[in-house]
Amino acid sequence: MTTVDVDAIRDAVASVPDPELPPVTVGMLGMIHEVSVDGGEVVVTLLPTFAGCPATEMIERDVREAVASVPGVEHIDVRFVYDPPWSSDRISAEGHDRLRDFGIAPPVGATHDVPDAVRRLPIAAAPTPCPYCASTDTAKESGFGPTPCRAIHYCNACRQPFEAFKHL
Amino acid sequence: MNLDDPRTVFLLGIADDELVTGHRSSHWTGFAPSIESDLAFATLAQDEINHADLWYQVVLAGRGGDLGAVDRSDVDRLGLGREPGQYRHAIVCERPPTDFAYSLARHFLYDHFDAVRLDVLTSSNDPDIAAVARKLRHEERYHLEHADTWVRKVARASLEAHDQLAEGFARVWPEALWLAEPTPAEADVVGDLVPVGASEVGARWLGDVVPVLEELELPLADDVAATGDVWRLPDGFFDTPRGRHGEHTEDWTSAWEEMTHLHRAHPGVSW
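Sequences listed follow chains A and B, in order.
Position 79 of the first sequence, counted from 1, bears residue number 79 in my numbering, the numbering being contiguous throughout.
Position 246 of the second sequence, counted from 1, bears residue number 246 in my numbering, the numbering being contiguous throughout.
Quick caveat, the hints were computed from the structure, so don't treat them as lab data.
Treat the hints with care, as some may be off.
Pairs of lysine to any residue, SDA-like flavour, derived with a Cα cap of 25 Å [to be verified]:
{"id": "1", "chain 1": "B", "residue 1": "Lys-153", "chain 2": "A", "residue 2": "Ser-142"}
{"id": "2", "chain 1": "A", "residue 1": "Lys-140", "chain 2": "B", "residue 2": "Lys-153"}
{"id": "3", "chain 1": "A", "residue 1": "Lys-140", "chain 2": "B", "residue 2": "Ala-161"}
{"id": "4", "chain 1": "A", "residue 1": "Lys-140", "chain 2": "B", "residue 2": "Ala-69"}
{"id": "5", "chain 1": "A", "residue 1": "Lys-140", "chain 2": "B", "residue 2": "Gly-65"}
{"id": "6", "chain 1": "A", "residue 1": "Lys-140", "chain 2": "B", "residue 2": "Arg-171"}
{"id": "7", "chain 1": "A", "residue 1": "Lys-140", "chain 2": "B", "residue 2": "Phe-100"}
{"id": "8", "chain 1": "A", "residue 1": "Lys-140", "chain 2": "B", "residue 2": "Val-154"}
{"id": "9", "chain 1": "A", "residue 1": "Lys-140", "chain 2": "B", "residue 2": "Thr-29"}
{"id": "10", "chain 1": "A", "residue 1": "Lys-140", "chain 2": "B", "residue 2": "Leu-216"}
{"id": "11", "chain 1": "A", "residue 1": "Lys-140", "chain 2": "B", "residue 2": "Arg-152"}
{"id": "12", "chain 1": "A", "residue 1": "Lys-140", "chain 2": "B", "residue 2": "Asp-38"}
{"id": "13", "chain 1": "B", "residue 1": "Lys-153", "chain 2": "A", "residue 2": "Arg-120"}
{"id": "14", "chain 1": "A", "residue 1": "Lys-140", "chain 2": "B", "residue 2": "Ala-32"}
{"id": "15", "chain 1": "A", "residue 1": "Lys-140", "chain 2": "B", "residue 2": "Arg-72"}
{"id": "16", "chain 1": "A", "residue 1": "Lys-140", "chain 2": "B", "residue 2": "Pro-33"}
{"id": "17", "chain 1": "B", "residue 1": "Lys-153", "chain 2": "A", "residue 2": "Pro-161"}
{"id": "18", "chain 1": "B", "residue 1": "Lys-153", "chain 2": "A", "residue 2": "Glu-141"}
To give an idea of the interface, some chain A residues facing chain B are shown, with a C-beta separation under 10 Å as derived from the structure [said to hold, decoys possible]:
{"id": "19", "residue": "Phe-50"}
{"id": "20", "residue": "Tyr-82"}
{"id": "21", "residue": "Pro-148"}
{"id": "22", "residue": "Lys-166"}
Glycine residues also receive a C-beta, built at the ideal position from the N, C-alpha and C atoms.
Use the sequences and the hints to build the structure in full.
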């Protein structure tokens, strides 16, 4: 009997791109909660980002395909869990760089350490830097953008609207 | 499935509020006064409908069940396949959007109520309820920020804007109070699935919203009264059963027909 290499599974899952932000992967977003292997049976447990994200089903399908390509895999179970809740603090440094290169400002600062941050959005200590010109002379225009995870900001320096990944 | 089980009755009060609020929010798509508010209400709708979806999964998994293994078609059937009288949302959620001022007033009152409810549910003895509430509470901060920003902005924009918003609040308040109506499962769930009862959730909610509205000189409901520094409703306020008991208005009949049309025309369809 072949034993499936758990690290190969983890790598396969981690490299799945986000369908709406292709340069950023499931691994960079910090969505992997657990990968377990029992003989040819693989269970991948993921943390959904925003509960209303329509990309979740596509990610499930893509993770399933990626895992199926690992030798020895006989059965795949992809599950989403809500405990612990996913947070934008889980996005890796590489994920931040890729978001910025894609024209989306990465989330600034930690979300969960702010008192009362469970109910109120933390007041940002500094404005979100513009992903194009890095100026901090920016302002948030709207908390809602083209996807549940993005907000709209405006850069006064280069006079461009830009998107920013929301704190969660 | 048994829709009368206390856990189901209690959770449907929450899930149905979210579903119907999402449905009504979606009516602003393409009609809101600015592109930002259009996108905002569209996102609010998407969020609320998906939050409803997640609560329906919690219902279907059952206590201690497998939340990750709930069948999609069962979720659709629970969300869209019931008769109108089997829905337990508060009637304020089923009213048409009417105008932007009314919608803003409802958005403000509803999302503050939902925030208090989620806070309370994070201490549920049911681990799935607590986990989902923690997750959603964090997302809902964007709804609160949106509601607070708009209500403050419109209230201070001009006398005419203030008047229109005041009229919106005057219309929405009497029905919004019924968000705090206890479900018939109240006695079975308080102290276990939820640490405090509906009246306590209602009092905390009034404590959050009333000071803001007083500051902005916007109207309160006549029934809201202060006992010391705690805002409360009179005893026996909820003696007549309404939304949480499946008693709805004619606005619900038409909203239900529209909302469930595709599901009824093509049962089990996936999209």
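Each hint tested on the structure:
Among the hinted pairs, Lys-153 (chain B) with Ser-142 (chain A) is consistent with the structure: their alpha-carbon atoms are about 13 Å apart, no more than 25 Å. For the hint pairing Lys-140 (chain A) with Lys-153 (chain B), the CA-to-CA distance comes to about 15 Å; that is within 25 Å, so the pair holds. Restraint check for Lys-140 (chain A) and Ala-161 (chain B): the C-alpha separation of about 23 Å stays at or below 25 Å, so the hint holds. A hinted pair counts as satisfied when its Cα atoms are at most 25 Å apart, and Lys-140 (chain A) with Ala-69 (chain B) does not qualify at roughly 39 Å.
Between Lys-140 (chain A) and Gly-65 (chain B), the direct Cα distance comes to roughly 41 Å. Violation of the 25 Å bound is thereby established for this hinted pair. Between Lys-140 (chain A) and Arg-171 (chain B) the alpha-carbon distance is near 32 Å, which puts this suggested pair outside the 25 Å criterion. As the CA atoms of Lys-140 (chain A) and Phe-100 (chain B) are separated by approximately 22 Å, the hinted pair is consistent with the 25 Å bound. Taken as a hint, the Lys-140 (chain A) and Val-154 (chain B) pair is honoured in the structure, with Cα atoms around 18 Å apart against an allowance of 25 Å.
Of the supplied pair hints, the one linking Lys-140 (chain A) and Thr-29 (chain B) holds, its CA atoms being roughly 22 Å apart against a limit of 25 Å. A threshold of 25 Å between alpha carbons decides the hint, and for Lys-140 (chain A) with Leu-216 (chain B) the separation of about 24 Å falls inside it, so the pair holds. With a C-alpha separation of about 17 Å, the suggested pairing of Lys-140 (chain A) with Arg-152 (chain B) holds against the 25 Å cut-off. With a C-alpha separation of about 17 Å, the suggested pairing of Lys-140 (chain A) with Asp-38 (chain B) holds against the 25 Å cut-off.
Restraint check for Lys-153 (chain B) and Arg-120 (chain A): the C-alpha separation of about 18 Å stays at or below 25 Å, so the hint holds. For the hint pairing Lys-140 (chain A) with Ala-32 (chain B), the CA-to-CA distance comes to about 20 Å; that is within 25 Å, so the pair holds. A distance of roughly 37 Å separates the Cα atoms of Lys-140 (chain A) and Arg-72 (chain B); the hinted pair therefore is violated under the 25 Å criterion. Taking the CA atoms of Lys-140 (chain A) and Pro-33 (chain B), the gap is about 19 Å. The hint holds against a cut of 25 Å.
A threshold of 25 Å between alpha carbons decides the hint, and for Lys-153 (chain B) with Pro-161 (chain A) the separation of about 22 Å falls inside it, so the pair holds. Distance hint between Lys-153 (chain B) and Glu-141 (chain A) is fulfilled; the C-alpha atoms sit about 14 Å from each other, no more than 25 Å. Hint status for Phe-50 (chain A) relative to chain B: holds, with the closest Cβ pair at about 6 Å, below 10 Å. With a cut of 10 Å, the hint placing Tyr-82 (chain A) at the interface with chain B holds, because the nearest CB-to-CB distance is about 5 Å.
A least Cβ separation of about 6 Å between Pro-148 (chain A) and chain B falls short of the 10 Å threshold, and the interface hint therefore holds. Taking 10 Å as the C-beta contact cut-off toward chain B, the hint placing Lys-166 (chain A) at the interface holds, the least distance being around 7 Å.
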